[in-house]
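**Q** For reference, the chains in residue letters:
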Amino acid sequence: MSQANLSNSTEIAAHDQILHFPKGGKPNLAPNEWLIWNGSQDEGGLPDLEHGKQNVLVPFAWWAQHYQESDIQSKTKAGHIGVWFAADDDILKHAELIEEGKKIWPLVAAHFPIFRDGRSFSTAALLRDRFQWTGEVRAIGDVLIDQLLQGARVGFDSFALRPDQKTDVALKQFDLFSVTTQNSWRDKRATLSKLSV
Amino acid sequence: MYKYDHIDQTLVDQRVAQFRDQVARRLDGSLAEEEFRPLRLQNGLYHQRHAYMLRVAIPYGLFNSNQLRAMALIAKKYDRGYGHFTTRQNIQYNWVTLEDTPDILAELAKVEMHAIQTSGNCIRNITSDAFAGVAGDEYVDPRPICELLRQWSTLHPEFAHLPRKFKFAINGAKEDRTILLCHDVGIELKKNTNGELIADIYAGGGMGRTPILGSLIKTGLPWQLLPSYLTALLRVYNRFGRRDNLYKARIKILVKALSPEEFARQVEGEWLFNKDSDVNFTQAEWDRVAKHFTKPAYLSLAKLSDQQVINTASEAERASFARWLERNVKPHQVPGYASVILSLKPHGSVAPGDATTAQMLAIADLADQYSFGELRATHEQNLVLADVEQSKLHELWQEAKKQKVALPNIGLLTDIIACPGGDFCSLANAKSLPIAKAIQERFDDLDYLFDLGDISLNISGCINSCGHHHVGNIGVLGVDKDGEEWYQITLGGEQGNDAAIGKVIGPSFYADEIPDVITNVINTYVNHRNEDESFIDAYRRIGVAPFKEAAYKNAKKKEKAEIAGDAS
Ligand code: HEM
Ligand code: SF4
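Read top to bottom, the protein sequences are chains A and B.
Letter 70 of the first sequence, counting from 1, is numbered 70 in the numbering used here, and no numbers are missing.
Letter 549 of the second sequence, counting from 1, is numbered 549 in the numbering used here, and no numbers are missing.
Don't take each hint at face value.
[To be verified] No farther apart than 30 Å at their CA atoms in a straight line, the calculated lysine-lysine pairs in the DSBU-like style are these:
#: 1; chain 1: B; residue 1: 3; chain 2: A; residue 2: 93
#: 2; chain 1: B; residue 1: 256; chain 2: A; residue 2: 188
#: 3; chain 1: B; residue 1: 275; chain 2: A; residue 2: 23
#: 4; chain 1: B; residue 1: 190; chain 2: B; residue 2: 295
#: 5; chain 1: A; residue 1: 188; chain 2: B; residue 2: 275
#: 6; chain 1: A; residue 1: 188; chain 2: B; residue 2: 248
#: 7; chain 1: A; residue 1: 172; chain 2: A; residue 2: 103
#: 8; chain 1: A; residue 1: 93; chain 2: B; residue 2: 248
#: 9; chain 1: A; residue 1: 188; chain 2: B; residue 2: 218
#: 10; chain 1: B; residue 1: 256; chain 2: A; residue 2: 172
#: 11; chain 1: A; residue 1: 102; chain 2: B; residue 2: 291
#: 12; chain 1: A; residue 1: 93; chain 2: B; residue 2: 275
#: 13; chain 1: A; residue 1: 188; chain 2: B; residue 2: 291
What the hints contain is simulated information worked out from the structure, not anything from laboratory work.
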């Protein structure tokens, strides 16, 4: 990651605005209401949700260890906790937890440790295809403008861009292509529907 | 030949616009070089020793005369008047600028060409048999599958940032002319007993630092299911391929670490979930694509015997014409036709695979005149006119001679495969082109070359193996020792159905020793061969020892090499 974390070191830095691109909708910007906690323990567990942002994305591995704790359960019930998957999390090994999570997480995310690590593209594809996840899936970490299109097509519908990225350029990325030659989460391949043209 | 529909054209045009914007952001500084790098690589743009290099895709090696003219004019306008046909059936320009690249891509788009995924850690340009659709030994024309998979892989979002590059080859003939087993995935097309098109899948082959031949992981896959199966395969690789070490990131390392059986099992497990989905190909898609690969308007001609063809030349020309027929002309499926290989390896050439603007323009005309306007690039870095009337071979030969592409050295010792090496490539440890040239100069006698028969000699400037040295009967690899250029020799490599990886024979040599070393190796073959025995067969019979001894015959030089501390 070429950008140092801008805020405190227990967070994964992101632009203060989130780029949303709902399936079937238009890309838009909204304030980022979620803290992305990296799981570091030096603050003694979850970060402070009383001041500042009230919602937190916790590492999935941390969730797997702590979800039964009563504090976590009540915060989850109130809709304040979601999880993020690290690039090397094998989500298929945790199918049960994820099935349970579908009912209680308002948001899940997949992390890009560096922009050219494409594992989270497959994670998002699995969340959509295999787990039939219908809620929001956010790309976090080293998320750059030129990855948005691929992310949007595999199943991401929100993007926590790296803080140095220009949101005006980012917003335009989704109109670059009007045709595709393979299926994606959003659309079937153009060559399938327009065979006669 | 495939013709773009408006979807293909729109995609390529929009890709040009996307890349133009990325270049603009790079030039105004808002995109850092580190972040631009994978983007430009996915558009075939490398930064090399002297300049930018642009690799343009020639999907499965097939192109037409208009496209060749465009390639020729790009060489003239944006480069130094030549292009370089590569071992992956693409063309490279060595002297382009970043600023010009969007314009070059726009010119390519006008003739249905692009540079998408010719580099980078994504699915690369798919290669296939240069004689697809015409080869006498073909059981399935692979081109519709090549084209369907080209479309499927183009800008595939999930596999845009794989652990490493990913190369497909597709074969449908009895003889493998694609080095199927040296690819990340090799697809062998066949017909089952009901006449249905099926595929066998090989995975985990490759050259480079750790050469490995691919393993058979799936048999009898119905062609329609290729996208779901390959998605599963790539998904396993994307998730579990090693990203911690560049040298261990290719799929071959994963397949080896897991074992081919376990890898196949994991792919199968993943495949269960999407094998019935609509990612798969439909018959309608096949029909749309396959109609472009129907046979051209062949005349109904009588098949001519070799002698009849030879007799079309004047008596004075017959001996050299017959030689060309023997080496550069291949049998065809259709009576009265033949396929012609134009050699891009004239002796003393600058670089194997190079063609000048003037040559490209002239060859485009030859394609129009003699071969329905179509051409193919071979992985041996030559060009093919696939559909030539036998009765016109003599005329074509004379035209080809004028362009210096008629040397009858196909498959012979001087039909050298060589990467650009230290003259152009920034990864090189040593030069390859001067070595190729020195070997061609040493073995300039065509009678002798003919007598030696089939021998492949491949040269790479570094262990990345772009020059395929591992599968050359004789391989030459540039290595670096204390800042000096050395060359390591491998013997016994082979492409084709009996593909094999060559073995290093011992300490490396200096550049100026190589012609002598090759001469000694060749002499050993000549001394030991049985009648009609090829180099590789003789090598397999007598083993490496006599060749090795001959190669190191010059004790003084051997000593030098050992002092340099090079081990085998
Ligand atoms: C001039 C700049 C070039 C660069 C920077 C470059 C880069 C590389 C690299 C890094 C590899 C490593 C393979 C590995 O071990 O994973 C490689 C292999 C390869 N490249 Fe190149 N290359 C260049 C030119 C070429 C040319 C001119 C050709 C064809 C003539 C070519 C075709 C190939 C092929 C066929 C391989 C084979 C290895 C395999 O299949 O595993 N490359 N190249
Ligand atoms: S083998 Fe090495 S020197 Fe030759 S082109 Fe490939 S990377 Fe460059």
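**Q** Against the structure, test the hints numbered earlier, and report the numbers of the ones violated in rising order.
**A** 1, 2, 6, 7, 10 and 11
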